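There are 2 protein chains.
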Amino acid sequence: MRILGLDPGSRACGYGVVDDDGAPRYVECGVLTSEPAAAMEVRLGEIARALREVIDELRPDVVAIEDVFAHAQHPRSSLALAQARGMALAVVGIAGLAVASYPPALVKKAIAGGGAAKKDQIARVVQALVGLASLPRADATDALAVAIVHGRTARTPTARLVSSVRRP
Amino acid sequence: MRILGLDPGSRACGYGVVDDDGAPRYVECGVLTSEPAAAMEVRLGEIARALREVIDELRPDVVAIEDVFAHAQHPRSSLALAQARGMALAVVGIAGLAVASYPPALVKKAIAGGGAAKKDQIARVVQALVGLASLPRADATDALAVAIVHGRTARTPTARLVSSVRRP
Numbered sequence: 001m002r003i004l005g006l007d008p009g010s011r012a013c014g015y016g017v018v019d020d021d022g023a024p025r026y027v028e029c030g031v032l033t034s035e036p037a038a039a040m041e042v043r044l045g046e047i048a049r050a051l052r053e054v055i056d057e058l059r060p061d062v063v064a065i066e067d068v069f070a071h072a073q074h075p076r077s078s079l080a081l082a083q084a085r086g087m088a089l090a091v092v093g094i095a096g097l098a099v100a101s102y103p104p105a106l107v108k109k110a111i112a113g114g115g116a117a118k119k120d121q122i123a124r125v126v127q128a129l130v131g132l133a134s135l136p137r138a139d140a141t142d143a144l145a146v147a148i149v150h151g152r153t154a155r156t157p158t159a160r161l162v163s164s165v166r167r168p
Numbered sequence: 001m002r003i004l005g006l007d008p009g010s011r012a013c014g015y016g017v018v019d020d021d022g023a024p025r026y027v028e029c030g031v032l033t034s035e036p037a038a039a040m041e042v043r044l045g046e047i048a049r050a051l052r053e054v055i056d057e058l059r060p061d062v063v064a065i066e067d068v069f070a071h072a073q074h075p076r077s078s079l080a081l082a083q084a085r086g087m088a089l090a091v092v093g094i095a096g097l098a099v100a101s102y103p104p105a106l107v108k109k110a111i112a113g114g115g116a117a118k119k120d121q122i123a124r125v126v127q128a129l130v131g132l133a134s135l136p137r138a139d140a141t142d143a144l145a146v147a148i149v150h151g152r153t154a155r156t157p158t159a160r161l162v163s164s165v166r167r168p
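Protein chains in written order, with the working numbering: chain Y, 1 to 168; chain A, 1 to 168.
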């Protein structure tokens with residue numbers, strides 16, 4: 001099973017691909033960026049186009065992505081993240097792929113053992129898990145993290161059941 | 001100038017097109033829907049594809065859309081709206097169109113004279129403004145409302161200036 005993990009933002013979208021047939025095997029990761037000074041629709045359009053290319057080229061079987069939550073302190077950044085997530089979901093939906101969604105704290109806990117793990121801690125565990133020589137950008141390791149978590153989760157019978165009822 | 005107004009949601013996206021060369025002239029309006037029981041990525045993908053078709057067919061010069069705000073009482077519905085808005089912005093961005101964004105209260109005030117105007121009040125004023133025989137669905141009249149407001153705003157010199165610096 002080839003899993004595409006995504007970490008979408010309005011300026012950049014991290015992606016990480018693993019093949020998982022019992023253990024995660026690294027395929028590729030990277031960060032899709034956009035012109036930071038451009039209008040939101042230009043940025044989201046550029047990232048959407050690049051994401052479509054990644055899907056066309058790497059042909060994942062499923063997409064894993066973190067849920068987005070409303071932050072009482074930063075409502076505007078939650079909305080910006082939700083916009084970016086909606087862009088990514090639309091691209092994935094058009095490609096006919098199903099999405100598995102995970103709470104950020106669950107991903108952190110599954111990877112680093114604690115729901116409050118820091119970004120660089122996540123990054124180093126991910127680096128070790130898939131055996132990367134150098135440390136990619138945090139957006140990319142976050143995307144790999146959710147892909148790895150989906151691989152583990154999808155191996156349990158309950159998760160397979162949940163996953164199979166997601167799409168008619 | 002042909003203006004496409006959008007009212008994106010995660011279940012349906014209202015659209016309304018007017019030609020405005022001094023006064024709004026009705027072209028078309030409607031609601032792009034999706035399978036309500038389907039997963040979010042399927043719904044957003046279906047709406048994105050339909051929106052792309054509307055743009056390809058009606059060839060607007062510019063897109064007008066309402067801002068999304070964080071609702072303290074309904075943070076989840078704000079996030080769902082933001083996701084739908086991100087989908088719409090990405091489709092518009094890929095099509096190479098610029099987006100003009102308006103606060104919902106400004107649209108209500110401009111159309112119905114008050115920022116707290118009810119949906120059916122907006123709908124009836126829009127119906128009268130563009131001379132529609134029957135009342136379309138609220139999502140469609142909301143989309144027409146923001147298109148009409150953009151037409152009026154774009155006629156003022158300040159707005160033209162703002163609009164012209166949006167894209168390099």
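Derived from the structure by calculation, the hints contain no laboratory data. Since this is a predicted model, take the numbers as computed values, not measurements. Note that beta-carbon positions come from the ideal geometry of N, C-alpha and C, so glycine has one too. Treat the hints with care, as some may be off.
Unchecked claim - If you want a taste of the chain Y side facing chain A, the calculated C-beta under 10 Å gives, among others:
id, residue
1, ALA39
2, VAL54
3, ARG59
4, VAL63
5, ILE65
6, SER78
7, GLY93
8, LEU97
9, PRO103
10, LEU106
Structure-based check of all given hints:
Taking 10 Å as the C-beta contact cut-off toward chain A, the hint placing ALA39(Y) at the interface holds, the least distance being around 5 Å. Annotation: VAL54(Y) was flagged as interfacial toward chain A, and the flag is violated, the nearest CB pair being 15 Å apart, outside 10 Å. Taking 10 Å as the C-beta cut-off, the interface hint given for ARG59(Y) is violated, the closest approach to chain A being about 17 Å. The beta carbon of VAL63(Y) is positioned within 10 Å of a beta carbon in chain A (closest approach about 8 Å), and the interface hint is therefore held.
The criterion of a C-beta within 10 Å of any C-beta in chain A is met by ILE65(Y), whose closest approach is roughly 9 Å, and the hint holds. With its C-beta approaching chain A no nearer than about 7 Å, SER78(Y) sits inside the 10 Å limit, and its interface hint holds. The closest approach between the C-beta of GLY93(Y) and any C-beta of chain A is roughly 2 Å, which is under the 10 Å cut-off, so the hint is satisfied. Hint status for LEU97(Y) relative to chain A: holds, with the closest Cβ pair at about 7 Å, below 10 Å.
At its closest, the beta carbon of PRO103(Y) sits 14 Å from a beta carbon of chain A; the interface hint therefore is violated under the 10 Å criterion. Violation of the interface hint for LEU106(Y) is found here, the shortest Cβ-Cβ separation to chain A being roughly 18 Å, above the 10 Å cut-off.
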